[in-house]
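K.L.:
Letter by letter, the chains look like this.
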Amino acid sequence: MKNCYLGIDVGSVSTNIVLMGEDKKILVKAYTRTQGKPIEAIQRGFKEIQTKLKEKVIVKGVGSTGSGRHLASMIVGADIVKNEITAHGIAALSFVDGVRTILEIGGQDSKIILLRDGVISDFAMNTVCAAGTGSFLDRQAARLGIEIEDFGDEALKSANAVRIAGRCAVFAESDMIHKQQLGHNQEDIIKGLCDALVRNFLNNLGKGKEILGPVVFQGGVAANIGIKKSFEEALGFEVYVPPHHEVMGAIGCCLLAQEHHIKGNKTKFEGFELANSGYQVKGIECEDCANLCEVIEIFKDDNLMARWGDKCGKWSDLVKENNENEKLA
Amino acid sequence: MKVTFPHMGNQYVATKILLEELGVDIVVPAECNQEALNIGTQHSPESICLPLKVNIGNYMKGFKEGADTIVLTGSCGPCRFGYYSILQKEILKDMGYDDIKVILLDPPQGDYKNFIDSVTELAQTKNPYKILRALKKAIQILYEVDALEEATHYKRPRQKQKGLVDRYYDQFHKDVRKVYGYKETSRVIEKARQDILNIEEEPNREILKIGIIGEIYTVIEPFVNLNIEKKLGDMGIEVHRSLKISHWLTEHLFLSPLNLTMEGKTRKAAEPYIKTMIGGHARETVGHGVRYAQEGFDGIIQIYPFTCMPEIVAQSILPKVETDYNTPYLCLIVDEMTGEAGFNTRIEAFTDLLQRRKELRHNEKLLSGN
Chain A
1 MKNCYLGIDV GSVSTNIVLM GEDKKILVKA YTRTQGKPIE AIQRGFKEIQ TKLKEKVIVK
61 GVGSTGSGRH LASMIVGADI VKNEITAHGI AALSFVDGVR TILEIGGQDS KIILLRDGVI
121 SDFAMNTVCA AGTGSFLDRQ AARLGIEIED FGDEALKSAN AVRIAGRCAV FAESDMIHKQ
181 QLGHNQEDII KGLCDALVRN FLNNLGKGKE ILGPVVFQGG VAANIGIKKS FEEALGFEVY
241 VPPHHEVMGA IGCCLLAQEH HIKGNKTKFE GFELANSGYQ VKGIECEDCA NLCEVIEIFK
301 DDNLMARWGD KCGKWSDLVK ENNENEKLA
Chain B
1 MKVTFPHMGN QYVATKILLE ELGVDIVVPA ECNQEALNIG TQHSPESICL PLKVNIGNYM
61 KGFKEGADTI VLTGSCGPCR FGYYSILQKE ILKDMGYDDI KVILLDPPQG DYKNFIDSVT
121 ELAQTKNPYK ILRALKKAIQ ILYEVDALEE ATHYKRPRQK QKGLVDRYYD QFHKDVRKVY
181 GYKETSRVIE KARQDILNIE EEPNREILKI GIIGEIYTVI EPFVNLNIEK KLGDMGIEVH
241 RSLKISHWLT EHLFLSPLNL TMEGKTRKAA EPYIKTMIGG HARETVGHGV RYAQEGFDGI
301 IQIYPFTCMP EIVAQSILPK VETDYNTPYL CLIVDEMTGE AGFNTRIEAF TDLLQRRKEL
361 RHNEKLLSGN
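Residue numbers (full-length UniProt numbering), protein chains in the order written: chain A, 1 to 329; chain B, 1 to 370.
There's no promise every hint is true.
Said to hold, decoys possible - Quick list of in silico lysine-lysine cross-link-like pairs, DSS-like style, CA-CA up to 27 Å: (1) A/Lys263 x B/Lys162; (2) A/Lys314 x B/Lys162; (3) B/Lys358 x A/Lys24; (4) B/Lys174 x A/Lys314; (5) A/Lys266 x B/Lys160; (6) B/Lys191 x A/Lys314; (7) B/Lys209 x A/Lys263; (8) A/Lys266 x B/Lys162.
Keep in mind that the hints were calculated from the coordinates and are not lab data. Keep in mind the model is a prediction, meaning the values are calculated, not measured.
Next up, chain A with everything else stripped away, as it sits in the complex (with noise of 0.2 Å):
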């Protein structure tokens, strides 16, 4: 029987799952797409751990991040739910010495942690623009007829790059077609796009921030070596790619739910059996005030788990009382 550690990254466009031993090991790692239904895609990812899993293991910590963090942790009882940014750094900071930059490019999101003498002491993370994410160059492989997989090589191969208007993504579709109506060669204008993207991120979350080396580069699009070159041609100096750089997130909350477990905490984990379970989402509008909460209800095999979504915590409460779970914010 080993010790581990279980971290869960919920996020829009893929779910990661990390098994991690005391010694900070990576046992298994699950990387399966979200697809709009994150509490499937947990379970899928946790028949993916059981089959690929050799050895007997006790979990002593559980922890989830993401966009669908809250989720998760109702859904399999985690003990540390951490936003996207914490976490990222954390696993960064644990895997890769003397990091000082970390740029992450997501499914929908992307961002960028500044880190000083190992504390994040700055990030900033995308607003109102999604040009400088995965799902956008997910978008574009689709329309170019290429797998997302081959983008990077394809990049790599291009002499000249066509400038694409990286500001929107809409818009740099536009400009993307034009360039293609135009004759453009498409590596050079995969390679525009991987320009552009990085153009956007570092105009976006990048301006007024110093950028110093070693920088990581982590998230999905991490495997992009695409994006990779772009950003060193940018910089002007390395940009290192973990290993295990699609699932730092994930990674990240297991170093956490390691550290709460070392501070003498169990665990509320429920168990891989989980994946077998049934669960039901409903949805309520409390009318009692003019806020018109839309409560969200949570039933696994018809017993009721969690409920959040109210601002006056009137419905949330009433299931805390059972169940302590940690206050959503």
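Starting from the structure of chain A, add chain B where the hints point.
P.N.:
Chain B only, in chain A's frame:
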């Protein structure tokens, strides 16, 4: 004449008292909510700042309950707020409210006659004694409400049972709409304040302090800033808000026309970064930020409505303050398209950052991550 007015945080309590003490018939519009914002967004210019949109929504609520007159304050600074009354009149006209009367209480700027004319029109009396007495009571209420809010800021991170402060505070908002006149209102406020101050505290909690700066309306109105004070309080953070309506009123109505000011210190603090008035509260925002940093606050958060020029200038200055004083700074911009999830993630990450820094200072090393 039935008077209504736009919301701005707890200002409605004082305005209500002022008008009630004058014997004016009033309608207190429903608190700011999504519906008010939707109405405002629909009828206002798209790129105008958020407060104007919410105001329009507030008026509609007031009209629905029978109001036929609006009273609002003006401003003299070169910020769009000074233009609000004119623009809002035009918008209302377009919406078909031609017969709505607008009474504007512009800060006097030395011209007390105009100001007094507006006041007498609103008060429907020329008896200065009566007007001054009502005004005095209203200002007193303003200070009392601000003291009540301060109590919630202090207590929220410290309360043993989470949510208790909000229960009393929400009850206060319900109660205050039911009472009439200065005396009763003052009693309701005091009762709420005592209730909140008597809440049992958790003694061993580590409290972080964050100073909130930025544009006055977004800083003060909880619906617009997505209840940031409550959110931070629930995360164990004591909030200090740089702007209070009571101070603003004293400053602009009484001190500034007489060339006196309470904000000298703030302006002085801002001087190394911004020497002159550029409109709105940019200079004060920077000044307050510097003062919080000097006083050893753990972090600073700036909030402003999308497209607010003075605050954009302040935003570009504040990173310099951040590095000079080694105090983390976060900027939040709100408009009707603000998504709450992203907002929460940023606030959470910011508090984590502050906590880690504090831990590091205590232990001289990070607990996790190495």
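K.L.:
None of the hints should be skipped; say for each whether it holds.
P.N.:
Hint check:
1. A/Lys263 x B/Lys162: holds (23 Å)
2. A/Lys314 x B/Lys162: The given pair, whose Cα atoms are some 13 Å apart, holds under the 27 Å limit.
3. B/Lys358 x A/Lys24: Holds: lysine 358 of chain B and lysine 24 of chain A sit about 25 Å apart, inside 27 Å.
4. B/Lys174 x A/Lys314: Holds, at roughly 16 Å.
5. A/Lys266 x B/Lys160: Distance of about 22 Å is within 27 Å: holds.
6. B/Lys191 x A/Lys314: holds (23 Å)
7. B/Lys209 x A/Lys263: holds (25 Å)
8. A/Lys266 x B/Lys162: Holds, at about 22 Å.
Checked against the numbered hints above, the structure violates none of them.
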